[in-house]
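For the sequence shown, our numbering begins at 1 and goes up steadily by one.
If you're looking for bench data, these hints aren't it; they were derived computationally from the structure. The beta carbon of each residue, even a glycine, is placed where N, CA and C say it ideally should be. Don't take each hint at face value.
[What the hints assert, rightly or not] Listed next, the in silico SDA-like pairs over lysine to any residue satisfying Cα-Cα at most 25 Å (straight line):
id	residue 1	residue 2
1	Lys55	Met80
2	Lys74	Ala22
3	Lys74	Asn98
4	Lys55	Arg35
5	Lys42	Ala85
6	Lys25	Gly68
7	Lys55	Gly30
8	Lys104	Ala85
9	Lys74	Ile56
10	Lys91	Gly68
11	Lys104	Leu67
12	Lys55	Tyr86
13	Lys91	Lys104
14	Lys55	Ala33
15	Lys104	Ile75
16	Lys8	Ile56
17	Lys89	Gly68
18	Lys8	Lys25
19	Lys74	Ile114
20	Lys25	Arg54
21	Lys55	Lys74
22	Lys8	Lys91
23	Lys104	Gly68
24	Lys91	Leu109
25	Lys91	Pro73
26	Lys42	Gly84
27	Lys8	Ala33
28	Lys42	Lys55
29	Lys55	Ile75
30	Lys74	Arg54
31	Lys91	Leu70
32	Lys55	Thr103
33	Lys8	Met80
[As the list claims (entries may be wrong)] Derived CB-CB ranges, DEER-like:
id	residue 1	residue 2	range
34	Lys55	Ile10	40 to 50 Å
35	Ala85	Ile114	42 to 52 Å
36	Met80	Lys8	36 to 46 Å
37	Glu60	Thr103	51 to 61 Å
38	Phe93	Ile50	20 to 30 Å
39	Pro101	Asp69	47 to 57 Å
40	Asp51	Ile75	48 to 58 Å
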Amino acid sequence: MRRRRNIKIIATLGPATSSEQAVRKLFRSGADAFRLNFSHGKQEDHRANIDHIRKIESEECRPIAILGDLQGPKIRIGQMAGDGAYLEKGKRFRLDLNEEPGTKTRAPLPHPEI
Numbered sequence: 001m002r003r004r005r006n007i008k009i010i011a012t013l014g015p016a017t018s019s020e021q022a023v024r025k026l027f028r029s030g031a032d033a034f035r036l037n038f039s040h041g042k043q044e045d046h047r048a049n050i051d052h053i054r055k056i057e058s059e060e061c062r063p064i065a066i067l068g069d070l071q072g073p074k075i076r077i078g079q080m081a082g083d084g085a086y087l088e089k090g091k092r093f094r095l096d097l098n099e100e101p102g103t104k105t106r107a108p109l110p111h112p113e114i
């Protein structure tokens, strides 16, 4: 049975909501889609979540979307001197390609593509 509404509810599954019972409760409470965060957890846990969703989908005769959240690139600054730097409102702080440890006014950003 299809719902007639323009807004979709997305529920994120995690350790506290990974049982079939929890997924079913979220679905019956109005979730239209389930988000799996592939940056965390084990492959077998994600597989179990997908199996729970597909079982409930079959039993409830209503399609359920699954969103896989994939990790994007991690951009990190380089080394900082001492204890690092505290940024101050109104003060300039520069990110550059210089490999020297960062200071209170600049930090190395070892990503020339940026």
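Going down the list of hints, with the structure as the test:
1. With a C-alpha separation of about 51 Å, the suggested pair Lys55 and Met80 falls outside the 25 Å cut-off, and the hint is violated.
2. At roughly 32 Å between alpha-carbon atoms, Lys74 and Ala22 are farther apart than 25 Å, so this suggested pair is violated.
3. With a C-alpha separation of about 19 Å, the suggested pairing of Lys74 with Asn98 holds against the 25 Å cut-off.
4. Pair hint Lys55 plus Arg35 holds up; C-alpha atoms about 16 Å apart against a cutoff of 25 Å.
5. A threshold of 25 Å between alpha carbons decides the hint, and for Lys42 with Ala85 the separation of about 36 Å lies outside it, so the pair is violated.
6. With a CA separation close to 20 Å, the supplied pair Lys25 and Gly68 stays within the 25 Å bound.
7. Taking the CA atoms of Lys55 and Gly30, the gap is near 17 Å; set against the 25 Å cutoff, the hint holds.
8. The straight-line distance between the Cα atoms of Lys104 and Ala85 is roughly 5 Å, inside the 25 Å bound, and the hint therefore holds.
9. Proximity of Lys74 to Ile56 is assessed by CA-CA distance (about 35 Å); at most 25 Å being required, the pair is judged violated.
10. For the hint pairing Lys91 with Gly68, the CA-to-CA distance comes to about 40 Å; that exceeds 25 Å, so the pair is violated.
11. Of the pairs offered as hints, the one joining Lys104 and Leu67 is violated, with about 41 Å between alpha carbons and a cut-off of 25 Å exceeded.
12. Using a Cα cut-off of 25 Å, the hinted pair Lys55 and Tyr86 is violated, with the two alpha carbons roughly 51 Å apart.
13. Distance check on the hinted pair: Lys91 and Lys104 sit about 10 Å apart at the alpha-carbon level, within 25 Å; holds.
14. Between Lys55 and Ala33, the direct Cα distance comes to roughly 14 Å. Compliance with the 25 Å bound is thereby established for this hinted pair.
15. Between Lys104 and Ile75 the alpha-carbon distance is near 20 Å, which keeps this suggested pair within the 25 Å criterion.
16. A distance of roughly 18 Å separates the Cα atoms of Lys8 and Ile56; the hinted pair therefore holds under the 25 Å criterion.
17. With a CA separation close to 37 Å, the supplied pair Lys89 and Gly68 exceeds the 25 Å bound.
18. Proposed proximity of Lys8 and Lys25 is supported: the alpha carbons are some 16 Å apart, at most 25 Å.
19. A hinted pair counts as satisfied when its Cα atoms are at most 25 Å apart, and Lys74 with Ile114 qualifies at roughly 13 Å.
20. For a cut-off of 25 Å, the pair hint linking Lys25 to Arg54 stands: about 14 Å separates their Cα positions.
21. Distance restraint check for Lys55 and Lys74: the Cα-Cα separation of roughly 35 Å exceeds the 25 Å cut-off, and the hinted pair is therefore not satisfied.
22. Among the hinted pairs, Lys8 with Lys91 is inconsistent with the structure: their alpha-carbon atoms are about 43 Å apart, more than 25 Å.
23. Taking the CA atoms of Lys104 and Gly68, the gap is about 39 Å. The hint is violated against a cut of 25 Å.
24. With a C-alpha separation of about 19 Å, the suggested pairing of Lys91 with Leu109 holds against the 25 Å cut-off.
25. A C-alpha spacing of about 28 Å is found between Lys91 and Pro73, which places the hinted pair above 25 Å, so the restraint is violated.
26. With a C-alpha separation of about 34 Å, the suggested pairing of Lys42 with Gly84 is violated against the 25 Å cut-off.
27. Restraint check for Lys8 and Ala33: satisfied, since their Cα atoms lie roughly 8 Å apart, inside the 25 Å limit.
28. Distance hint between Lys42 and Lys55 is fulfilled; the C-alpha atoms sit about 20 Å from each other, no more than 25 Å.
29. Simply put, Lys55 and Ile75 have alpha-carbon atoms about 39 Å apart, too far for the 25 Å limit, and the pair is violated.
30. Note on Lys74 and Arg54: the hinted pairing is violated, with a Cα-Cα distance of about 32 Å set against a maximum of 25 Å.
31. Straight-line distance between C-alpha atoms of Lys91 and Leu70 comes to about 35 Å, which puts the hinted pair past the 25 Å bound.
32. Taking the CA atoms of Lys55 and Thr103, the gap is near 55 Å; set against the 25 Å cutoff, the hint is violated.
33. For the proposed pair Lys8 and Met80, the alpha carbon gap of about 44 Å is over 25 Å, so the pair is violated.
34. Separated by about 19 Å at the C-beta atoms, Lys55 and Ile10 break the suggested range of 40 to 50 Å.
35. For the pair Ala85 and Ile114, the beta carbons lie near 19 Å from each other, so the given range of 42 to 52 Å is not met.
36. At about 43 Å, the beta-carbon gap between Met80 and Lys8 stays in the expected band of 36 to 46 Å.
37. Hint check: Glu60 to Thr103, Cβ distance near 59 Å, so the stated range 51 to 61 Å holds.
38. One distance hint, 20 to 30 Å for the beta-carbon pair Phe93 and Ile50, is violated here, with the actual separation near 44 Å.
39. Between Pro101 and Asp69 the Cβ separation comes to about 34 Å, which falls outside the hinted range of 47 to 57 Å.
40. Between Asp51 and Ile75 the C-beta distance comes to about 35 Å, which lies outside the given range of 48 to 58 Å.
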